[in-house]
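Let's have the full structure, built from the sequences with the hints guiding it.
These protein sequence lines are chains L and C, in that order.
Numbering follows this note's numbering, with no gaps: position 141 of the first sequence is 141.
To convert, count from 1 in the second sequence and add 1000; that's this note's numbering.
There are no misleading hints in this set.
Restricting the straight-line Cα-Cα distance to at most 30 Å, the calculated cross-link-like pairs of lysine-lysine (DSS-like) are:
no., chain 1, residue 1, chain 2, residue 2
1, L, K221, L, K67
2, L, K190, L, K221
3, L, K171, C, K1293
4, L, K121, C, K1286
5, C, K1286, L, K128
6, L, K128, L, K197
7, L, K197, L, K171
8, L, K29, L, K190
9, L, K121, C, K1181
10, L, K145, C, K1291
11, L, K171, C, K1291
12, L, K128, C, K1181
13, C, K1181, L, K67
14, L, K145, C, K1286
15, L, K171, C, K1181
16, C, K1103, C, K1052
17, L, K128, C, K1293
18, C, K1293, L, K121
19, L, K121, C, K1291
20, L, K56, C, K1181
21, L, K197, L, K67
22, C, K1293, L, K145
23, C, K1291, L, K128
To be clear about the criterion: a stretch of chain L counts as covered by chain C if any three or more of its residues have a C-beta under 8 Å from a C-beta of chain C, and this derived list gives those stretches:
no., segment
24, 81–94
25, 118–124
FRET-style restraints, in silico, Cβ to Cβ:
no., chain 1, residue 1, chain 2, residue 2, range
26, L, Q194, C, Y1279, 44 to 52 Å
27, L, N71, C, K1181, 16 to 24 Å
28, L, G156, C, P1058, 53 to 61 Å
29, L, G183, C, I1170, 18 to 26 Å
30, L, G156, C, P1281, 22 to 30 Å
31, L, L117, C, D1007, 31 to 39 Å
32, C, P1289, L, A79, 25 to 33 Å
Read the hints as simulated data drawn from the structure, not as lab findings.
In this text, a Cβ means the ideal position worked out from N, Cα and C, and glycines have one as well.
So the chains spell out like this:
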Amino acid sequence: MEEALLRISEVSKHFGGVYAVNAVDMEVKEGGIWGLVGPNGSGKTTLFNTILGLYKPDHGTVYFNGKCISNLAPHDIYAEGLVNAFQLPRLFYQMTVLDNMLVAARGHQGDRLVNSLFLRKGWQEQEKGLIDEAIEILEFVELGKWAFSPAGELSGGQRKLLEVARGLMAKPRLLLLDEPAAGINPALGKTIFQKLKDFSGNGTTFFIVEHRLEILFEFAKWVYVMYRGRVVTQGEPHDVADAPAFYQAYLGGG
Amino acid sequence: MLLYGLDFLVFVGIFGIVALSLNLEFGFAGIANFGKVAFFLIGAYTYALLSKIGIPFPLCLIAGALTSALFGLLISLPALRLRTDYLAIAILAFGEILRLIVKSESWIAGGDWGTSVAPAISIAGASHHVGVLVNIGLVYFCLLICFVIAQLLANSPYGRVVRAIREDEIAAEALGKDRAKYKAQILMIGSAMVGVAGGLYVQYLHYVLPDMFVPMITFTVWIMVLLGGPGNNWGALLGAGLVELFKYGTNLAKPILPLDPINLQYILFGVLIILVLFYRPQGLLKESPIKTKALELVRYGKGVVNNKAGK
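This is the structure we're talking about:
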């Protein structure tokens, strides 16, 4: 059997007596867009934070690429190629859009203290390449014109796009996105998903929490439904949409 | 009068180094180091004690830098756990504790009475003017080195990461940056610089006293950085120049002032901080953008990139 890119095994996380995530098993395989839905408070964001190493799971293990990452620090998980974009953009607002992108580059030699002082020739070439990549991604999300503007000057929708673009800049194997289409107009939401789908050809898999189900279901190849900390159903979008558990999760009655 | 001017230049140089180091910590990395004077003290006492046992002055300066950097590393441990304002108080207290230790323990360096320090370079038979000129050379040589280091750091991907940590620690951590490591490094470099400044200071004054290291020194340096413009190395130097000019100016005007200039300075410094923060929070000079060769190339040779994207 092919090893999944991300495998969550029996993961639980509780706060006091409340199980935010309760014995969750999940797999995300390489390629395409994977969805995670559920009503508010069902544990989606907690699960994401546990995957990212921001929370330590109380039980269970998270495997990425076959390797246990439950005990790694967030920056080490990032180095493995598992990257996250925040629900509310957390940009570096006083820095330019391009600098925001360059911070996200993985393995930039110039990030090291010694290299910044002495071996400056070494990373200048690398930086040139990274800038080309950054501009390409910025053009792709239609922010190319803004490369040298401070990120603080962008509009709300553009900030959202930059947050996603910054995630793409890391060339992650898996990019977790928490509600990329929330708080922006429906057309732009759809554009973002279309762009992600186009981008997923480049070796990046997306795992997305989204409340805008109509958009997510159009683009996702597999959807997990969480309710009260558990996975209640999963499957291809059209199957999930017909599943009783899915209705129960959203309309209550359970 | 000429001597007064030369003396002024020495002080601008020494405090220029201190301001550069605080700018590195606060302006670029966002670490509110309210204990700057502690590291100044460490450098000064290291220099004084080592030079007493006959160690040549460059080694004394380097040892001061290293000792100070070591304490910078120690301070970085709570710095990662405490919020900015709590950290500020903690480091402030650290500085006071150090000062009180050297004040009460007379075996260290004469306690309250201090001890004399030999000048770094003494030329037999030379006039006092020449001595000050030699000091200007030495101080500005050190200042130049610190400035080059600060500029290299500011204009590199390293500096970009450090600024990102200042802007949003959580986001920087989520983008794979080990903020603990970066903050520790910055505190070590900043402390090393101010350690050198401490050595230069006491060898220029020829003595070291605990009361040279009161918290007011820290605040004076903060005014330099806030006034000049945090996140701009030229701003730090400008701030150091202006604040020293102000100090020397009020001292000169002593006969015609109604108050003791020292007290007047304290009052006016307080007013100055309030005015700067209210009306020009970014300081006189704006934060300098990150400049690397590759970035400059894209920015000013824009056609190249556009052609490529247009293909």
